[in-house]
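Listed in order, the protein sequences are those of chains A, B and C. Heads up, the first sequence is in the working numbering, so the first residue is 18 and it goes up one at a time. Heads up, the second sequence is in the working numbering, so the first residue is 251 and it goes up one at a time. Heads up, the third sequence is in the working numbering, so the first residue is 664 and it goes up one at a time.
Watch out, some of these pointers could steer you wrong.
Only pairs whose alpha carbons sit at most 30 Å apart, straight line, appear in this in silico DSSO-like list of lysine-lysine [stated by the list, open to error]:
# : chain 1 : residue 1 : chain 2 : residue 2
1 : A       : Lys91     : B       : Lys287
2 : B       : Lys287    : C       : Lys875
3 : B       : Lys530    : A       : Lys228
4 : A       : Lys345    : A       : Lys228
5 : A       : Lys219    : C       : Lys692
6 : C       : Lys818    : A       : Lys299
Covered stretches of chain B, going by a simulated chain A footprint (3 or more residues, C-beta under 8 Å) [stated by the list, open to error]:
#  : segment
7  : 266-276
8  : 309-317
9  : 332-340
10 : 349-363
11 : 400-414
12 : 495-502
13 : 510-520
Calculated directly from the structure, the hints in this document are not laboratory data. We put the CB at the ideal spot given by N, CA and C, even for glycine.
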Amino acid sequence: MKVLPLDKLREALNIMANDAEVYVPMLRDDISGYFQWADNPADELALDLLNTYLSPKNVVIPQTEPMYKFKTSKQDVEITEVQVREGARIIFGIKACDLKALENLDMAFLTMGFEDEYYKARRQDLTIIAQACYKPGPACFCEGMGADRINPAADVLIHELENQDYAWEAKTSRGEELTAKIAALMEERDVTLPQAEPQSRKVDMTGVSEKLAEMFEHPVWDDLSSRCMNCGICTYVCPSCYCFDIQVSNRGEAGNRFRCWDSCMYREYTMMAGGHNPRDYKKERYRNRFLHKLQFFNERYGANLCTGCGRCVILCPNGVNIIEVIEKVKEVKLDA
Amino acid sequence: MHDHNHECSCKDHGQTNPLVPTMVKVQKIVDETSDVKTFYVVGENGIPFKVMPGQLAMVSHVAIGEGMFSVSWQDDDHLQFAIKRVGLLTDALHEIEVGQTLGVRGPYGNGFPVEECKGKDMLFIGGGIGLAPLRSFIKYCFKHREDYGKIQIIYGARSYDDLCFKRELFEEWPQVPNCEVYTTIDNAEDQWAGNVGFCPAYLEEINPSPQGRIAVTCGPPIMIKFVLQALEKMGYTDEQVITTLEMRMKCGIGKCGRCNIGSEYICLDGPVFNLAQLKKLPPEW
Amino acid sequence: MNDFTNKAREIAKRLLADGTVSVVLGWEKGDEPYASAPTAITELAEVDRLIIDEYCIHEIAALLTDYRDGTDKVAIFAKGCDVRGIIRMIQDRVIPRERLHIIGINCPGMKDPNEYARAASGFGKAPAAEIAAKCQVCQNPNPFIYDEIIGDLQKVEPSNERFASVEEIEKMTPDERYNFFAQELSKCIRCYACRNACVACNCRTCIFDESKPQWVGRSTDTVNNMLYHIIRATHVAGRCVECGECERVCPVGIPLMLLNRKLVKDVDELFGPYQAGLSLEDDAIPPLSRYRVDDPDEFM
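Bound conformation, chain A alone (with noise of 0.2 Å):
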């Protein structure tokens, strides 16, 4: 098997980078996020990290992204620039869980109706290298939520060896074209690949989804909503969750709209102008957040939008886990 010592990675990378927008996870001050590789001292590589606190959606959403440029003059206005990034990218060492966070992405951006431009644009000349995940931490559960942590669908498949290099496997054409231009640095190599650690979280969504249609109103989400303080680090750190605000700024007559991640946990998020609000308290939204993962995502698109990667169970200040969660629904006893 191919095998890409850990001594060449960061030449590897740099090859990359000469033609693609090239993503890593790295540590930062104890965060750990897919950050644009630039080769700096400051980049600390953390593919030694089961996974990084901050997901990868920001390689295809972006935090703030900017839509299109506009000039006032007087009555007038003019859309300048539309401001859709194509090019080549490249997310390096993502696991099974974002990358089915990944589909979900897909669905939701490019399916039902309408395509998203500017997703489609940083999505299409996407190439993606999955790194096989055989130690499971304590809050990960993508088995229960259907992730195959050891194959994932990619266009590389890596595998971290004992003595940390990395077995290199080309899944597609896409691979193949990007394995050739960094060939020289490969070995060949007899490997032992390691063995697969079980995942200790164990989560059965069976009947999951068409037990909540029937629990909109059950006084259960009083109960867990309790401990929810309505802050967005779920909805932010989680890699499926998607939702957007649309803004604008100003500077004289030089205008940029954007767009910017937003949270079904905020109140303004849903507050109509003139002050009425469907989900006015922080039950409301707390509800729609899991049913959203758990039902509605699952109504449309036929999947969860959850793939068990753990980082809000890890990261919510106030314990709310989605494992819990889905646990007590399965306890409540529905009248028949």
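With chain A's structure known, arrange chains B and C on it following the hints.
Then chains B and C, alone, in the frame of chain A:
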């Protein structure tokens, strides 16, 4: 490091990108009430896009913001938007003058079931600015008068001043064959000789039979709630009752997330629902 | 702390059973040893979910905003820091003292469940501290306003570290200071966890949720991130009870207490001596919430 980002400004992107508006000029502004104006907008080559009654469009005062409005009428060469002053964007829109460039994008949403209603008697019940979306259907019925039976319009507002489209209400629509217009205001006024009271009560008083009739209602949520109750009491089935829903919207294309009720997006699957469909949705409307 | 849990359940049962309160704010256990989480118990049958252990670090008084519109009485378990938070809520007219039944907990210092969750996660490399950093320098472990109390009085180790990091910042040149904060605040993802965890952030409608006008842009750039944090820090100046929750809950590790402590120090020096949330007496109203003829006015 090289920057290989292709920052694209080709015309194509703007034209196929559903989030980028088309520029239109304001051709005419009509003061409907002290806080409602109708804006007539026209594109470079006439109408910017075709809409069906009840469909929505995103109107942007580009430097201020965008808002979703129902198109209150589409004429051969322009679109009309009746807009009530309620917030930041609508304040700004109310300040503009004829000749102002605005952006529009759309059309969005399903619109009224104009085909399914053919051959039926039509009952429209509107409150306040809620007449704006109904007006597109009412005028459509008038335009295709032979396709629809008797047309009854019940319309209420807080006061005489708050009644929109007065010339049409009092002069034009009553002249249309087989059409009755009933207006009501919440409290008595000196110059007002018509009905005083809320729409749902007036509706029950007029009591149009459900036989062969479709009821379409739009107005403030509290009015809709009581109109739906009244219609049920009068014997209308859930399939005979149609209304439109309102939620905050940003994208209009079912992506940004906020306008969902259950798994339905109001911008795509709505805003028009019959009562049978509504009853399947979570009670968040 | 096992007997804390038993006592807490006894007390909660009594208060719910005799109708003294309609809800009890406390903690319950999640599915990891470190996962303690705030909860609101309303049913007698659910009282046995309550626990008090060494991971109950959350400033539970922040949840009181959920009950501001009611008339029922609320029981709240409160560490020393929580009592300061409760005073904040009372002084800011979120909830009156009469609607609260405060069960004080003499607090030995807590572990940060988030730190433990992160340390166990494999998503970062930082270890978890045996006692959370903010608790190590705590000057108020013992509740001083309560209706009943659990645990033995804790000894307070006097600490003069309160303003040590502020003094470091004050020594910087303006450019250094700007660059330092620009770097730190550029990490902000605008999740508003710092605001929502804060007992002083109890406005019904927050300025950052206003859209008419919109005071601060929603884009995550240094300018708007700075505007957000500086406005927030200034708004809680004189009202911040130094619970450190903003910094603890921040998912990207911004040292927010530096900003807050600088303002605590300024208020103390200019209008003080003053510390927020230590007394319910009339003269303990935050200095920036009242006027005195001898207030400093050199800037005018």
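Check your understanding: Are there three or more residues in the segment 266-276 of chain B whose C-beta lies closer than 8 Å to some C-beta of chain A?
Key -> holds (count 7)
Review point. Taking a Cβ-Cβ distance under 8 Å as contact, does the segment 495-502 of chain B have three or more residues in contact with chain A?
Key: holds (count 5)
Review point. Is Lys530 of chain B close enough to Lys228 of chain A, meaning Cα to Cα at most 30 Å?
Key: Holds. Lys530 of chain B to Lys228 of chain A sits at ~15 Å (cutoff 30 Å).
Point to revise | 8 Å C-beta criterion, at least three residues: is the segment 332-340 of chain B covered by chain A | key: holds (count 5)
Practice item. Mind checking the alpha carbons of Lys818 of chain C and Lys299 of chain A for me, to see if they're no more than 30 Å apart? Key: violated (39 Å)
**Study point:** Lys91 of chain A paired with Lys287 of chain B [C-alpha distance capped at 30 Å]
**Key:** holds (21 Å)
Review point. Counting residues of the segment 309-317 of chain B whose CB is closer than 8 Å to a CB in chain A, do you get three or more?
Key: holds (count 6)
Practice item. Confirm or reject the coverage of the segment 510-520 of chain B by chain A under the rule of 3 or more residues with a beta carbon closer than 8 Å to the chain's beta carbons. Key: holds (count 5)
**Study point:** Proposed proximity, Lys875 of chain C with Lys287 of chain B (alpha carbon, max 30 Å)
**Key:** Roughly 20 Å between the alpha carbons, so the hint for Lys287 of chain B and Lys875 of chain C holds.
Review point. Counting residues of the segment 349-363 of chain B whose CB is closer than 8 Å to a CB in chain A, do you get three or more?
Key: Satisfied; 5 residues make the cut.
Practice item. Measure nothing beyond the straight line between the CA atoms of Lys219 of chain A and Lys692 of chain C; if it is 30 Å or shorter, mark the hint as holding. Key: Roughly 19 Å between the alpha carbons, so the hint for Lys219 of chain A and Lys692 of chain C holds.
Review point. Does Lys228 of chain A lie within 30 Å of Lys345 of chain A when you go C-alpha to C-alpha?
Key: Within the cut-off at roughly 12 Å; holds.
Hint check: violations occur at hints 6 and 11; the rest are consistent with the structure.
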